[in-house]
Amino acid sequence: AQSVSQHNHHVILSEAASLELGCNYSYGGTVNLFWYVQYPGQHLQLLLKYFSGDPLVKGIKGFEAEFIKSKFSFNLRKPSVQWSDTAEYFCAVIPKAAAGNKLTFGGGTRVLVKP
Amino acid sequence: DSGVTQTPKHLITATGQRVTLRCSPRSGDLSVYWYQQSLDQGLQFLIQYYNGEERAKGNILERFSAQQFPDLHSELNLSSLELGDSALYFCASSVEGGGTDTQYFGPGTRLTVL
Chain A
1 AQSVSQHNHH VILSEAASLE LGCNYSYGGT VNLFWYVQYP GQHLQLLLKY FSGDPLVKGI
61 KGFEAEFIKS KFSFNLRKPS VQWSDTAEYF CAVIPKAAAG NKLTFGGGTR VLVKP
Chain B
1001 DSGVTQTPKH LITATGQRVT LRCSPRSGDL SVYWYQQSLD QGLQFLIQYY NGEERAKGNI
1061 LERFSAQQFP DLHSELNLSS LELGDSALYF CASSVEGGGT DTQYFGPGTR LTVL
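Line by line, the protein sequences give chains A and B.
Take 1 as the starting number for the first sequence in the numbering used here and just add one per residue.
Take 1001 as the starting number for the second sequence in the numbering used here and just add one per residue.
Bear in mind the hints are in silico, worked out from the structure with no lab data behind them.
For clarity, every value in this text was computed on a predicted model and none was experimentally measured.
Certain hints may be false.
[As the list claims (entries may be wrong)] Restraint ranges, calculated between C-beta atoms of paired labels, are given here:
id, chain 1, residue 1, chain 2, residue 2, range
1, B, Thr1100, A, Ser5, 21 to 29 angstroms
2, B, Lys1057, A, Val11, 44 to 52 angstroms
3, A, Ser18, B, Ser1080, 29 to 37 angstroms
4, B, Thr1015, A, Lys58, 43 to 51 angstroms
5, A, Lys96, B, Ile1060, 18 to 26 angstroms
6, B, Leu1061, A, Ser26, 20 to 28 angstroms
Note that the Cβ used here is the ideal one computed from N, Cα and C, for glycine as well.
Taking the hints into account, I'd like the entire structure generated from these sequences.
What follows is the structure, given as structure tokens:
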């Protein structure tokens, strides 16, 4: 079975700092990759997704992620964070060969941006 | 607002009881998903329905069951509740239910078992 690891559980940084969140997955086949964000008191929202093609994917709110197949990684980045980026971020995968649309999530990374 | 609605928002009950969580998907979405979010297990997929039929199953306990009705809303039934079932239960929906579909999540139902 596939698994997803997010090594940073908590990240604290100041506004305008750059953010990079790590995500590694364990699965022998090809996968579809996602980053979701959960702002305080809100539902999960899709930030970006990767299915194929250019491994550098741009999402909403200035976020981007890079798929590195050889490292089984899909790290999320933002060059300059704002206080409003305070949230919990989840990486998720779906094996392309799987039936259905069963998202496997990482443990999440809580990001606190200090004003 | 994702367009996915869940009721109730909060539910407090006792061990051994049974509860039903309800989810209405976005207009036009045929697939519904249930996830459980707890402190120790994180976000876990429970089950997926597509147009009334079960499509995929995850770590759903035998005490839990779900269904999707002809009007496409879904219910998750949790019975013989235990303290460890306390969690946030999310419903999501998507257009078709394939691996490239974007899932849109509801606000969740927070279940507290005392």
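Right, here's what the structure says about each hint:
1. B:Thr1100 / A:Ser5: 21 to 29 angstroms: For A:Ser5 against B:Thr1100, whose Cβ atoms are near 23 angstroms apart, the range 21 to 29 angstroms holds.
2. B:Lys1057 / A:Val11: 44 to 52 angstroms: Taking Cβ atoms as reference, B:Lys1057 and A:Val11 lie about 34 angstroms apart, which means the hint is violated.
3. A:Ser18 / B:Ser1080: 29 to 37 angstroms: violated, 49 angstroms
4. B:Thr1015 / A:Lys58: 43 to 51 angstroms: At roughly 48 angstroms between Cβ atoms, A:Lys58 and B:Thr1015 fall inside 43 to 51 angstroms, so the hint holds.
5. A:Lys96 / B:Ile1060: 18 to 26 angstroms: holds, 23 angstroms
6. B:Leu1061 / A:Ser26: 20 to 28 angstroms: holds, 24 angstroms
Hints 2 and 3 from the list above are not met by this structure, while the remaining hints are.
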